[in-house]
Amino acid sequence: MFTEDELEHLREHLSHYPERRAGAIYCLYAVQDKIGYIDDKGIMMVTELTGLSKTQLEELITFFTLLRRRPVGRNVLRICDSISCHVMGSRQVLEAAEAHTGVALGEISRTGSVTILPSICLGLCNHAPAALLNDEDEVSRLTPESVQKLLDELDQQPFQQSATGSQVIATSGHSMLTEGRDH
Amino acid sequence: MGTIYIDDKPVEFEAGQNVLQATLKAGIDITYFCYHEALGSAGSCRLCAMELEPTKKDDKSRVVMSCMQVAQDGQRYRLNKGSADKVRQHVVEYYMTRHPHDCPVCDEAGHCHLQDMTILSRQTYRRYDGKKQTFPDQEMGPLIWNTANRCITCYRCARFYQNYALGDDFGVYCSGQKTTFRRSEPGAFDSPFSGNMIDVCPTGTFTDKVFRRKYSRTWQLEKATSVCNHCSTGCNTEPGGREGTLRRIHPMTNPHINPHFICDRGRYGEHYSEASDRPLKCIIRKGAKNPYDNIYTHLTRCLKKASGRIGILSSEHEDLQTHYMLKQLAVHYKGIFSPFILPDTETRTRSAIQATQLPPSLPDIETADAAIILGSLTEAAPMMDLAVRQLIAKQKPIIMVHAVPSLLADLIQHRNAGEVISATPKNWHQVIDHLDTSRLSDEKVKKIVLLGVAGEMDVPAINAFSRLKEKLSQETVTVQSGFALEGANAMGAAVISNENSAHELLEAIQKLYVDTLIVCGADPFGEGAAEWEPLRNKIRQLIVLDNINTETVKQADIVLPLATWSERCGYSVNYEGRVQPFEQAYQRSSVISPTEFVAHLTPHSVEALYRQRDVWLTQLSAQLVISDQMGIQLNLQQLSGIKNTYSSHIETEGLQLVKLPWHGGGVRADFAKELASCNPWKDHYVYLHTDTAKQLNVTTGKQLHFKSGASLEVLCDNRITKDCLAVTPLTLGRIKCKANIVLPLHQIHTGETDQ
Amino acid sequence: MEKILSRNFSAGPLDFAAYKAADGYKTLESVIGRPRGDLLNELKQSGLKGCGGAGFLTALKWSFKAPDAPHPIYLVVNLDEAEPGSFKDRQVLYRDPHTLIEGTIAASYVLNADKAFIFIRGEYRKGARLLEKAVQEAHNNGLLGQNIMNSGWGLEIDVHLSAGRYICGEETALLNALEGYRANPRSKPPFPVAKGLWGQPTIVNNAETISHVPFILARGAQWFKDQGINGAFGSHIYQVSGAVKSPGFFELPLGTTAREIIFNQAGGMLPGRKLTGFLPGGASTQFMLPEHLDIPLHWDGPPTVGSRLGTGGIIVMDDHICPIDFMSNLMLFFTRESCGYCTPCRDGLPYVKHLLDKFEQGSATEKDIDTLKELCEVIYPNTFCAFAPGALMPITTGVEKFESLLHEHIKNKGCTMKRCA
Ligand SMILES: Cc1cc2nc3c(=O)[nH]c(=O)nc-3n(C[C@H](O)[C@H](O)[C@H](O)COP(=O)(O)O)c2cc1C
Ligand code: SF4
Ligand code: FES
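Residue numbers (numbering that gives the first Met the number 0), protein chains in the order written: chain U, 0 to 182; chain E, 0 to 754; chain B, 0 to 420.
FYI, nobody ran anything at the bench for these hints, they're computed from the structure. Note that beta-carbon positions come from the ideal geometry of N, C-alpha and C, so glycine has one too. Just to be clear, a hint being listed does not mean it is correct.
Mimicking BS3-like on lysine-lysine, the simulated pairs with C-alpha atoms at most 25 Å apart in a straight line are [unchecked claim]:
1. E:Lys85 with B:Lys366
2. E:Lys672 with E:Lys213
3. E:Lys510 with E:Lys333
4. E:Lys510 with E:Lys735
5. B:Lys366 with E:Lys131
6. E:Lys130 with B:Lys125
7. B:Lys187 with E:Lys59
8. B:Lys372 with E:Lys131
9. E:Lys443 with B:Lys194
10. E:Lys131 with B:Lys412
11. E:Lys721 with U:Lys53
12. E:Lys393 with B:Lys194
13. E:Lys80 with U:Lys53
14. B:Lys410 with E:Lys130
15. B:Lys372 with E:Lys85
16. E:Lys721 with E:Lys737
17. E:Lys56 with E:Lys24
18. E:Lys130 with B:Lys366
19. B:Lys125 with U:Lys33
20. B:Lys187 with E:Lys393
21. B:Lys372 with E:Lys80
22. B:Lys43 with B:Lys60
23. E:Lys59 with B:Lys372
24. E:Lys55 with B:Lys187
25. U:Lys33 with B:Lys194
26. B:Lys194 with B:Lys244
27. E:Lys130 with B:Lys412
Have a look at the derived ranges for each label pair, beta carbon to beta carbon [what the hints assert, rightly or not]:
28. E:Thr133 with U:Arg109: 42 to 50 Å
29. B:Asp293 with E:Lys59: 28 to 36 Å
30. B:Trp222 with E:Gly129: 53 to 61 Å
31. E:Asn717 with U:Arg109: 45 to 53 Å
32. E:Asp115 with B:Gly305: 34 to 42 Å
33. U:Asn133 with B:Gly32: 18 to 26 Å
34. B:Ser9 with U:Gln91: 30 to 38 Å
35. E:Asp57 with B:Ser245: 22 to 30 Å
36. B:Gln360 with U:Asp151: 30 to 38 Å
37. U:Arg109 with B:Gly11: 34 to 42 Å
38. E:Thr133 with B:Gln44: 55 to 63 Å
39. U:Ala103 with E:Ala147: 21 to 29 Å
40. U:Asp136 with E:Asn717: 47 to 55 Å
Looking at chain U on its own, in the form it has when it is part of the complex (with noise of 0.2 Å):
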C-alpha cells in the first residue's frame, strides 16, 4: 500500500510527539487518502505505525467523522445541513441529490461516481446551501437544480483508476454499527 518511503515518512512523522499514538489521526488519513477509505490492510499498517490495536483504531474511526472504515464512490459530496445552510434551504437540495443518486445517504450511487452525506456547518454559511466536494472543493449556493447539475457532472468525469487501483467500489453494505437501527 505504501512505500518504503512513505512509511519512512509517516515514522519520522510520528516520531515528534511523545506518544506515537497522537499521529494515529495523521496515519489514518493516509491510508484514506491513498484508497478512499480504511480498509483492514490499512488498519494493520497504521495498527504496526502506532501500537494501537485493531479495536483501538476503531474507536477513533467511528467517533471522528471524517473517517471511514467502508467504502465511497469515486467522490464524497458533503451537504451542509446546520443552522444557516437550513434556513436557505439545504433539505432540498439534500433530497433532490438524494433522489438523484438512487440511494439513500452515506451509500454509493449506481454510477459509483459519488456518496453523498450530510454535514455539520462547514463554515461556508456565507454561501448556504453550501457543500463540501472531497473535503477540499467548495460547493456554494446550491439549489436542487444546481446539486443535480454538480451529480450530472461527476457521473460524466472520465473514469479515473488510481495508482493503487482501489479508488473504484462498487457496492457497500449500510454499517449497522456506525448508523445504529431505529426501531
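Mind docking chains E and B with the ligands on chain U? Use the hints.
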C-alpha cells in the same frame, strides 16, 4: 479525616475520599452508575448529583456530582432534601428513553443495578413517547452474552477492560447516542478477565452465557462462600446452585485477596462439575460383590483384607480437609498417604515454600513499586497477573523471565513496561543469578515483589530466586516473595504431609509393599503417567474418587463420585499460607465428600472426624501470625516438615519439555466445556521455535517420535523459547513424559531418520 | 478603525515574501526579547477577551501558568471552528495564514512555550495545507526553530489536521483528540494550564484571539482599546448568514450594533423576507429579537437581554422559517455532535429534539411544553462539559420567546407555515 453532612446527617470520611464514597460507606442509599470502587469516578452518568450548600451567606447552593467532589471537612450536602433529587430522577428518565423494558426476559433482573437505581430515584413512570435508539448485539464467544440495547453507556466495561485489565480488543465505538461498546470483530475476548464485565456492567448488557444456558433467578440460587480451586491464589467465590447442579460462579469480596474481581478460569472453570462424562455413580468394575452389600460394606471388606498394603493418594488440587481425612484413613488401615502425585511437584512445592518470604497478597502486588516475575504468571495464577497489570498501568518497572508464550510477557513488551527475557527453564538459575536489576534501583522503589511460577522452576532456579531476594533486600527496600504453586492447596499438601511422601509411596508400590491404591481427586495415570504408568500392573485394586472423568477413573476398579468444592465444605491454604474455609453451596444427591467416605470406612462418625479436624487445626493455628475474618495465615518459616530433601537427577544436555500453559486451562477446568473451547493450544501437537525445528531437521506438519513410542505433529511457533518442546498438559500424559525434563537429542526422532 | 486581521484578505493568501513586504512579522521585532512580564501586562491592559466564544480574559488565563511551570510548555491554537454560523477563523486561515503564524509566535514567546499546535478541523484541510506551507516558509526564514531572532528562545509549530466533530473545539476534548484519543472532554480541574497535553502546562486559545496578540503587544494596549466602540475594545470579525443580501464576514469595531452589521454591512434582508430573530454568535447563543437590533454586540451588550456575544457569527432567522423548525434543526446538530460521554447530553438532548419534533408533526400536547421547559432547566447546568448548556441556550430562549407559537402548533396539530422557500 473529617465530617461532612448529608441531609444534616454527619458522615465521616477519610482523606482523599470523594463525597460519594463517604456516603456509600455510611450506608446511605444514593443512586450512581459510573463510579466503581475499583475503577474510580468518571463523572459521566450524572446520577450521583447532590446539592452543595454554600459556605458564605449570599452564595447560592449548587448541584455537584458527588463522585467528583473531594470531601472537605464541614461541607453540607443535600441529597433528598434539595434540588438534586430532581436531577437524579431526570437522569434515570433519560436512560429509560433508550433502555428496553425487557426486565421479564433479562438475566440481570432482580440483581440489576439499573433496576435498583430506578426504584431508588422514584422515576417509575414513563413519559417519553418517542422511538428508542437500538443497537445490534454482538456475538462475544462462549462465555459472554451481549444485549447491546440494554447499555446505559456508563463506560464501566471499557474502563475495566482497557484501563484496569489492559485489554485492547474491546472498546467504545461511535459517539453521541450511538455510542456502543464492542469488539472490532465478533468472537471471544482475549482477556483472561473478561467475565468481570458481567459484574461491572450495572445492567444486563453483558451476562454470563454459561449461566444463561441453565438459568435460575439469582435469588433462587443456593449460595455459599467458597474458595476457588483452580489455582493457588485462593480467590473467594460464591457458587450458586439449584436442583443439585451448579449454575454460576460469582466473585465474593475478600479485601485481602480479591476485593472485586476473579479470572475467567475461576468463573467458568468450575463448570467442570456439569461435564456430561462426570462420574456420578458408584461403579464396581472388578471384584465380586455380594448383591445385598452396600458399596461401603464391600469396600470395608476389601480394605480390611488389604490392611497394611494400602496406599492413599490425593493431589495438590485437593483441599486440606480431604488430606486430613485421608490421613486418618491411612492411620486406620496402616497405609501410606501422599497428597502429591509426583515427587518433582512435591520437591518444587517444598522448595518454593522455603523460599517464600513475606508473601505478597494481591493488594500488596498492586501497590508495589517494581516486580520481578519468573514464569508464565497469567497462566499459573491469573489474578496475580491482574495485580501486576496495575503496576504496568502505573508504569512501574517490571522484569520477567519466561519460556512459553505468556499474555503477561506480551503485554509488558507491547506496553514497553519493562524487560522480558526468554530462556529455557533449565537455564533460569543462571539467568536469575545474572539478572540486571539496575532498572529497579530507582530511589522511589521501596517495595519489590518477586513472583515465581513453581511449576516451571527447578530447585536450582528456586535457590537462585532466594539469592536474588537476598541481593535485592536492603534497608530501604522491602522484598516480598511468593510463588504461584502447582495446585490450589499445594501449600496445604506440604503442611500436612511428610517429607518425600510421593517418593515414599511410589517406592512402596515399586517394592510391592503396597498393592491397593485409593486415589482421591488425583490423576496419577494421566497427569502423572510418566512415573505411575510403569507401576500400573503392581496395583491389584484401584479405588478412585473423583469428579472428573480422568484416565485414572477410566482404569479404576471401583469408582466413587466425589463432591466438588462447591458441593462440600473444606479448607484450603493459598500461596500465602492463608488457611481459608469454604462451605457447601448446594447439595448434589449422588456424590460423597471425602469426610463421608472416611466415616463410612472407619468407626468414626462424620461429626467425630470434624471434631478431630478442629483440634488439629487449632494446633496448627498456634503457629499462625495473621488472623482475619477470611482465614488464618500460617507463619511459613515456623512450619516444620516443609523441608525439601528429595532431589531428582537433572539432565542438562538436550531439549526441555515444557507445558504449554493457558490461562483458562487446568486439571479440572479442562473439563468445563465452554471455557475449554477457547483454548488456543491444540492437543497432540508439539510446538517448537523454528530454530529448534531446524536443529531437529523438521518443519511444521512433520512428525516427532518420542522414546515412549508416541509421536506428535510439529507446529512451528516462534513465541516458544529455543531449546524447548512445548506441549499441552494432556499431550504430556499421552507421550508419558514429565514436564520440565530434558530429553537428550537421541531420544527424539524425526520420521525421516527412522525410515 | 483600522482593519488588522483582514488587512491582507483581499490580496488572497500572501506568500512569505509578499507578506513580509506588507510589513508582515514586523510586530515580532517589538515582542521578542522584551521581558515577558511586561508583555503580559500590556496584554492585560488591552482587555483582550477570548474569541472562541466564552470571552475569558486572555491575559488572566495566561497568568494562571505557574511561574515555575515545567517545560515543555505547549500553546494550542484552537482552529476547530465548527459552531454553526461561525466562519471567522476560516478566513484568517485561508486568506492570510502568515498572520496566524505571527500571532502564534508572539503568543508562544510570551508564554515561553516550546511548541505550538495549531489544531484545525478536518473540513478545513485545504486551509491546513496553506498554513503548513506558510509554516515551512517561516521556518526557512528563521522565524521558527531554535534561537529565534537571537533571543535564545525557540519554537516549533505543528499543524494538526483533525477529522471532524464539533466537540473537538472544547479545549479538553481537543487535547484528547490531539493526543490520539476519542475526543471526550476531560474533567476540570486540573485545568490545561496546569496539566494539559501529555500532562504538561498547556494554553488553549482561539485562532482569532491569538492573531490579535502581536498587534496589541507591538502597538500598545491603548491603541487596541481605541479600535472598539460603544465601550468595547479591539476589532472583531463579525459574520452574517441567513436570508440577507450579502452574507459574509466583516472586520468591524467590537461593539458594533446588530442593525449596522445585518442591515448595512450584510445588505439587509433578502427581498420579501422579514427578520424574526437572530442568534448573535453561533448556534449556541440565545435568541435575540428584532427589537434588540440596536444593542451593541460586544461582551456586555447581549447579556443585557439574556444572550451573549459567542463567536459573533450572526445567524438571521426570517419569516420563511418556523422558529420551532429552526430550533429542531439546531437540536439535530447538537444531538448528532454530542460526544456521548454524559447522560443528560447524550440521552437528554435527543429527548428535547423529540419534543420539538412533536410540535412540528402535530402530536404535541400542552404537557409537552412543560416537559420541554423542565428538560432544558435540568439538563442545562448538569452536564460534564459546556456543550449541552450551549446547545440549550437557543432552545430555552426560543421556547420562552416563541411560546405562543408552541400553543398554536398544538391547536393546529402541526406547523401551518410554509417552511424554507
Ligand atoms: C462544545 C464547545 C465547542 C467549542 N468549540 C470551539 C471552537 O471551535 N473554537 C474555539 O476557538 N473555541 C471553541 N470552544 C471554546 C474552547 O473550549 C476554549 O474556551 C477556547 O478555545 C479558548 O480560547 P479563547 O479564550 O481564545 O476563546 C468550544 C467550547 C465548547 C464547550
Ligand atoms: S455496557 Fe454495561 S458497563 Fe458498559 S457502558 Fe453499557 S451499561 Fe455500562
Ligand atoms: S450552516 Fe452550513 S456552512 Fe454553516
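Verification of the supplied hints:
no., hint, result
1, E:Lys85 with B:Lys366, "holds, 18 Å"
2, E:Lys672 with E:Lys213, "holds, 14 Å"
3, E:Lys510 with E:Lys333, "holds, 17 Å"
4, E:Lys510 with E:Lys735, "holds, 22 Å"
5, B:Lys366 with E:Lys131, "holds, 21 Å"
6, E:Lys130 with B:Lys125, "violated, 40 Å"
7, B:Lys187 with E:Lys59, "holds, 21 Å"
8, B:Lys372 with E:Lys131, "holds, 22 Å"
9, E:Lys443 with B:Lys194, "holds, 23 Å"
10, E:Lys131 with B:Lys412, "holds, 23 Å"
11, E:Lys721 with U:Lys53, "violated, 30 Å"
12, E:Lys393 with B:Lys194, "holds, 17 Å"
13, E:Lys80 with U:Lys53, "violated, 48 Å"
14, B:Lys410 with E:Lys130, "holds, 24 Å"
15, B:Lys372 with E:Lys85, "holds, 14 Å"
16, E:Lys721 with E:Lys737, "holds, 19 Å"
17, E:Lys56 with E:Lys24, "violated, 30 Å"
18, E:Lys130 with B:Lys366, "holds, 19 Å"
19, B:Lys125 with U:Lys33, "holds, 17 Å"
20, B:Lys187 with E:Lys393, "holds, 21 Å"
21, B:Lys372 with E:Lys80, "holds, 22 Å"
22, B:Lys43 with B:Lys60, "holds, 10 Å"
23, E:Lys59 with B:Lys372, "holds, 22 Å"
24, E:Lys55 with B:Lys187, "holds, 23 Å"
25, U:Lys33 with B:Lys194, "violated, 37 Å"
26, B:Lys194 with B:Lys244, "violated, 47 Å"
27, E:Lys130 with B:Lys412, "holds, 20 Å"
28, E:Thr133 with U:Arg109: 42 to 50 Å, "violated, 29 Å"
29, B:Asp293 with E:Lys59: 28 to 36 Å, "holds, 33 Å"
30, B:Trp222 with E:Gly129: 53 to 61 Å, "holds, 55 Å"
31, E:Asn717 with U:Arg109: 45 to 53 Å, "holds, 49 Å"
32, E:Asp115 with B:Gly305: 34 to 42 Å, "holds, 41 Å"
33, U:Asn133 with B:Gly32: 18 to 26 Å, "violated, 45 Å"
34, B:Ser9 with U:Gln91: 30 to 38 Å, "holds, 34 Å"
35, E:Asp57 with B:Ser245: 22 to 30 Å, "violated, 49 Å"
36, B:Gln360 with U:Asp151: 30 to 38 Å, "holds, 34 Å"
37, U:Arg109 with B:Gly11: 34 to 42 Å, "holds, 40 Å"
38, E:Thr133 with B:Gln44: 55 to 63 Å, "holds, 57 Å"
39, U:Ala103 with E:Ala147: 21 to 29 Å, "holds, 23 Å"
40, U:Asp136 with E:Asn717: 47 to 55 Å, "holds, 50 Å"
Hint compliance for this structure: hints 6, 11, 13, 17, 25, 26, 28, 33, 35 are broken, all remaining hints hold.
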